[in-house]
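Protein chains in written order, with the working numbering: chain A, 1214 to 1509; chain B, 1214 to 1509.
Keep in mind that the hints were calculated from the coordinates and are not lab data.
Fair warning: this is a prediction, and the values are worked out from it, not measured in the lab.
Incorrect hints may appear among the rest.
If several chains are the same, the list does not tell them apart, and a pair holds so long as it fits within one copy or across any two.
Unchecked claim - Distance condition first, Cα-Cα at most 16 Å in a straight line; then the derived EDC-like pairs of lysine to aspartate or glutamate:
id : residue 1 : residue 2
1  : K1457     : E1441
2  : K1253     : E1467
3  : K1443     : E1456
4  : K1430     : E1311
5  : K1220     : E1237
There are 2 protein chains.
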Amino acid sequence: MKCRVCKGEAFIKLPAHNAAFCSEHFDAFFLRQITRTIKKYAMLPPAAHVVVALSGGKDSLTTALVLSRLGYKVEALFVDLGIDSGEFSFASRQACEEFCALHTIPLTVYDLRAEFSRGIPEIAKRYPRICALCGMTKRHIMNEYTLTVGAHALATGHTLDDMSASLFANLLRWDLHHLAKGLPVLPSEDGFAKKIKPLALQGEKEIRAFAQLHGLKPVEAVCPYAKEAKFKRYKAMLSELEEKSPGLKRAFYEGYTEQVHRFKEKTARPPRVTCAVCGLPAAASPCTFCRIWRNA
Amino acid sequence: MKCRVCKGEAFIKLPAHNAAFCSEHFDAFFLRQITRTIKKYAMLPPAAHVVVALSGGKDSLTTALVLSRLGYKVEALFVDLGIDSGEFSFASRQACEEFCALHTIPLTVYDLRAEFSRGIPEIAKRYPRICALCGMTKRHIMNEYTLTVGAHALATGHTLDDMSASLFANLLRWDLHHLAKGLPVLPSEDGFAKKIKPLALQGEKEIRAFAQLHGLKPVEAVCPYAKEAKFKRYKAMLSELEEKSPGLKRAFYEGYTEQVHRFKEKTARPPRVTCAVCGLPAAASPCTFCRIWRNA
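Take these sequences, add in the hints, and give me the full structure.
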């Protein structure tokens, strides 16, 4: 296989794009793809200030590095969940710190245990749906932080594999609430920062290659609470289909983004109140975050 | 496992319904299910005259037997495609003839070779997309026949497995044309008979059990032209998901039937003309059927 651009030895073959690239031209191709995604969904104006939610995994590190190289004013936020088991939080934090130091990206660590004298493990004892609670916690902190620093948007490392698997799950259940909000950009609203997913059209294989090419050192520890069996199954199935029909995943998800209006209801949204503790919009006051973490 | 009704030994376990039944009560359950489907989608008024498209397979034989037992005036139509290889058409025809004789259901055989001096194999030489052409041929004949005898509807044996796999395929491609028409009932229009799929909410396992219970002898020969690899893969995947989450397939397809309006366009349909040969509506005159089979 030869590089599509320079005809040199190929570093990666991308059947979905019917192309192969050497490492240099793959790098350029990858950046061009993200640039197009950002433009297509109006994610960021040039040189915008953006907060990247870092987890220490390859997807969020890639998001931060790409946005930084595309000239955005990137800062990173890591939420230390205080999960000691398997050194999960410690190792993740270290991966983020090393990455940010190397690429001179300012990093803020929000340490749950330092803020509230307890981490996820203490909460896990009381709540059966710990992944949902942890997700809520991270979303709250990231949203609040992004609003506080006045950044244009909060970027997360969700990939095409994540987006297409969620889409599949939501279609299987006809979950209209989530089907209405599956775009890779969620606009800012009063009390909600704009959220963007710059890797939404990039597959695992490309991201893995980019991370390898740039010597990224993502954390290898896995969250001891993680149990996403269903989601992993959906991902595996779509990847199996992708094998036989390269480009299927992207056509599925990108096609959906053109059709998302079909899932939006004309009806009014449920009313929101303002949380008396944090001042952010919520379904009830105090909001779940303040109730759980601030004992409000 | 005990029968949900009589507590006798269970003949079948249906995890999707969280139930098990002895053979007698499974039979009653199965008929009740079809009755509900017919009612839910307004398929047939009581005692209506219905043409069942028989192929010789277990699904179409089951459809004919169930509708007959539910008191409809059933007649069957078999299209002999003239596929000699592996005795496919011969064996299928024989299975239909035996079934109809045993259950006193009037059978009409439409023999392509008798009508047009050639069958599918002769056509197959000229056309690469033979499955599409064969489908068009069967649909044309069945529609014309149903209109001619003035039946209320044409029933086909499509199952939940067929419907959910088609739905999945159409969603993967966001094929809006087919997503708009995926209901188990298509209303009659000028030149188009009403089409119904009474087994649309029944899974393979139930249908297989019903066929076994009633000693149906479906044809075992497989069409030598069949190559539905993709469709089979989708079916297998959904069945794998169903294993882990009983009822998933039905929730997926039934959920879609509640949401189908989202895929219907407000725009006008493309204009239709009347075929000068057969007098039925078509995209152009002569219609594809008359062009191919009647050399029009």
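Worksheet item: Checked against the structure, which of the hints given earlier come out wrong?
Response: Per hint list: zero violations.
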